[in-house]
Structure formats: structure tokens, C-alpha cells
Amino acid sequence: MNLRTGWSKEIWKGVCNNMASIRERNGKFNVIYSYTNEKGERKQKWETYETKAEAKRRKKEIEYKKEMGSFVVRKCKTLDELITEYVALYGKENWALSTYEGNVSLINNYILPIIGDTKLSEINTRFIERYYQSLLKRRAVINPLNKTSRNEFVSSSTVRDINKLLRNCFEQAVKWELMEKNPCTHATVPKHKSQKRDIWTADTLMYALSVCEDERLKLAINLSFSCSLRLGELLGLTWDCVDISHEAIEENRAYVFINKESQRIRKESLNALDGKDVLLVFPTNHKKNSTVRILKTPKTE
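Okay, so the sequence shown: first residue is 1 according to the UniProt record's numbering, each after it adds one.
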């Protein structure tokens, strides 16, 4: 018996099941409620609205219809609706911070603006292949973090990344019984020819070290080359990760251990994942900055 209401546990559980809640995230308002699917499994669903007023109306509608026994769970009708739910239910639980950042950029730059309004019932393998071909003729979006674009047009490599993302998204849609089959399974993806990167030779390295007058930069160059460190790993080094004492060198046990890396990310991504994998957020001098530098656990994927 509930002391405050005088209700039994069964009645209280029924009341809670009829309730919906509103959560604000990234300037939008999510209506969250639970339901039971055809298999008798308890599920949670998020619906996103632009204004709080819309969210409140939907919340009242859900609670009223649940009480009347006439509530039916909305199903995703467009790709926009599916991807929104896919990111909320799958992406935020399974993606690392860097993966989330990259996938959301692909979604916002190349998927939703082009085919976001398409009904799921209209998406098949032929549609996907035509979409991929159209991307190759589309100008690439400039990266806001470095203000540059590697290619004038969308590259085949980017299209392959989009295919990987959509394939997984549609696979979830099949599991959620929103689509009968995955349209990406048999889709032909543009071939990508990997270009050989120019790398420094030993002579180039020795010359760079000889002309470098900044001792810290010289050390960074040496470490990067000898330990095969990425820039983020190099910037994330602290003294507790290093043992280059005379004793360690003499005993052949000197080491550089990577347990964190530095990265600049969007504040929006940081908030969306509630600081997942983040060890430290560096202070910023400008509150209006859309990005922030962090220390995070190292990339393992």
C-alpha cells in the first residue's frame, strides 16, 4: 500500500505506466513514455518537438489516451523520424564520442537535407543506389572545425561511410519492425581507391629536428615518430604516462603509455552523450564557442 495515496502497488504501477515525461535536450523537447509491444515486452519511446508547448500537448494526449485505453504507439513514417529515434536509442548507447560526432555530421550534412523527408515505404535498394550516385555530384560540406574541405565534391570514401551508417540504421528499423528488409544490404556502393599518403623519411625527420629551434616541438616530433603517436595521443600525454628515467633506460623498461587523448569536439555532442568517455573538459575563454577541447579515453574502434 502506498502511504501517500492509499493505492496498492498494482494500481500505482498502472498509473505510472500511463504517465509521460518531458526532457529538454539541445534546445528541443522530448516526450518520453513507456509502452508494451506485441510480444509483451516493455519499451521506452522518445518523440522530439521543437517547442515546449507542442511537447506538453503531446504529453497530455498520450496520458489521456492511455487512460482511455485508446493509445497507439506512433511508428516512424519518414527517414527523418527513423534516424532521430535511431540516434536516441542506438547511437547514444553504442557510439563513442568521436563516432557520434562523425555520424551526426554525416546525418546533418548529407542525409537529412537530401532524403530526410522520404517515406520509409518509398526507400528500396534502387532508391539508395540513386542517392549514392547523386552524392558524388554534390559539393562537399566544409568542416566547421578546420574550415576546409578535402574534396570539392563528396568523395566515394564519404559515401561508403554513409552507407555503413544507413545500413546499420535500417538494420535497427528491421529489428524494430518498422521496415520489412534492409534496402542497403544489396545496394551497390561506389568503389573507393585509397590514395597512398606521403610520409616522412628518416632523412626528412633528421632534417626537421636539426632546424627546429623549439625544444618542446622537437620533443613532440621525436615522440610522434618513434612511438607512432597520433596528434591527439601526443597532446594527451602526462608525466604519469612516461618513464624515461636513467634507471628505466639502463634496464630496458622505459615506456610511453597511452591512456587518454586530446580532442576538440562540439559542445552539442558533449552534452548529447552526457560526457561519455570524457576525463576532462578544458576551460574556454569564450562562452559563445561552439566547440571545446577535452581529454578522453583513447580511441579503440
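Since the hints were made in silico from the structure, they are not lab data.
Among these hints, one or two may not hold up.
Stated by the list, open to error - In silico BS3-like cross-links for lysine-lysine, where the CA-CA straight-line distance does not exceed 25 Å: (1) K28 with K43; (2) K137 with K59; (3) K164 with K276; (4) K92 with K164; (5) K65 with K52; (6) K175 with K196; (7) K175 with K191; (8) K196 with K299; (9) K65 with K92; (10) K59 with K75; (11) K39 with K65; (12) K43 with K175; (13) K276 with K43; (14) K28 with K288; (15) K28 with K77; (16) K267 with K218; (17) K218 with K276; (18) K137 with K43; (19) K52 with K288; (20) K39 with K56.
Now the hints, each set against the structure:
1. Only pairs whose Cα atoms come within 25 Å are accepted, and K28 paired with K43 is accepted, the gap being roughly 22 Å.
2. Distance check on the hinted pair: K137 and K59 sit about 43 Å apart at the alpha-carbon level, beyond 25 Å; violated.
3. Between K164 and K276, the direct Cα distance comes to roughly 23 Å. Compliance with the 25 Å bound is thereby established for this hinted pair.
4. Taking the CA atoms of K92 and K164, the gap is near 17 Å; set against the 25 Å cutoff, the hint holds.
5. With a CA separation close to 20 Å, the supplied pair K65 and K52 stays within the 25 Å bound.
6. Distance check on the hinted pair: K175 and K196 sit about 39 Å apart at the alpha-carbon level, beyond 25 Å; violated.
7. Taking the CA atoms of K175 and K191, the gap is about 29 Å. The hint is violated against a cut of 25 Å.
8. The suggested pairing of K196 with K299 holds, with an alpha-carbon distance near 23 Å, which does not exceed 25 Å.
9. Our distance criterion of 25 Å between C-alpha atoms is broken by K65 and K92, whose separation comes to about 29 Å.
10. For the given pair, K59 sits about 17 Å from K75 by alpha-carbon distance, which is consistent with the 25 Å threshold.
11. A threshold of 25 Å between alpha carbons decides the hint, and for K39 with K65 the separation of about 21 Å falls inside it, so the pair holds.
12. For the hint pairing K43 with K175, the CA-to-CA distance comes to about 13 Å; that is within 25 Å, so the pair holds.
13. Restraint check for K276 and K43: satisfied, since their Cα atoms lie roughly 23 Å apart, inside the 25 Å limit.
14. About 19 Å separates the Cα atoms of K28 and K288, which keeps this hinted pair within 25 Å; it holds.
15. For the given pair, K28 sits about 20 Å from K77 by alpha-carbon distance, which is consistent with the 25 Å threshold.
16. With a C-alpha separation of about 32 Å, the suggested pair K267 and K218 falls outside the 25 Å cut-off, and the hint is violated.
17. About 33 Å separates the Cα atoms of K218 and K276, which puts this hinted pair outside 25 Å; it is violated.
18. Under the criterion of a C-alpha separation no larger than 25 Å, the hint pairing K137 with K43 is inconsistent with the structure, at around 41 Å.
19. For the hint pairing K52 with K288, the CA-to-CA distance comes to about 24 Å; that is within 25 Å, so the pair holds.
20. Between K39 and K56 the alpha-carbon distance is near 29 Å, which puts this suggested pair outside the 25 Å criterion.
Checked against the numbered hints above, the structure breaks hints 2, 6, 7, 9, 16, 17, 18 and 20 and satisfies the rest.
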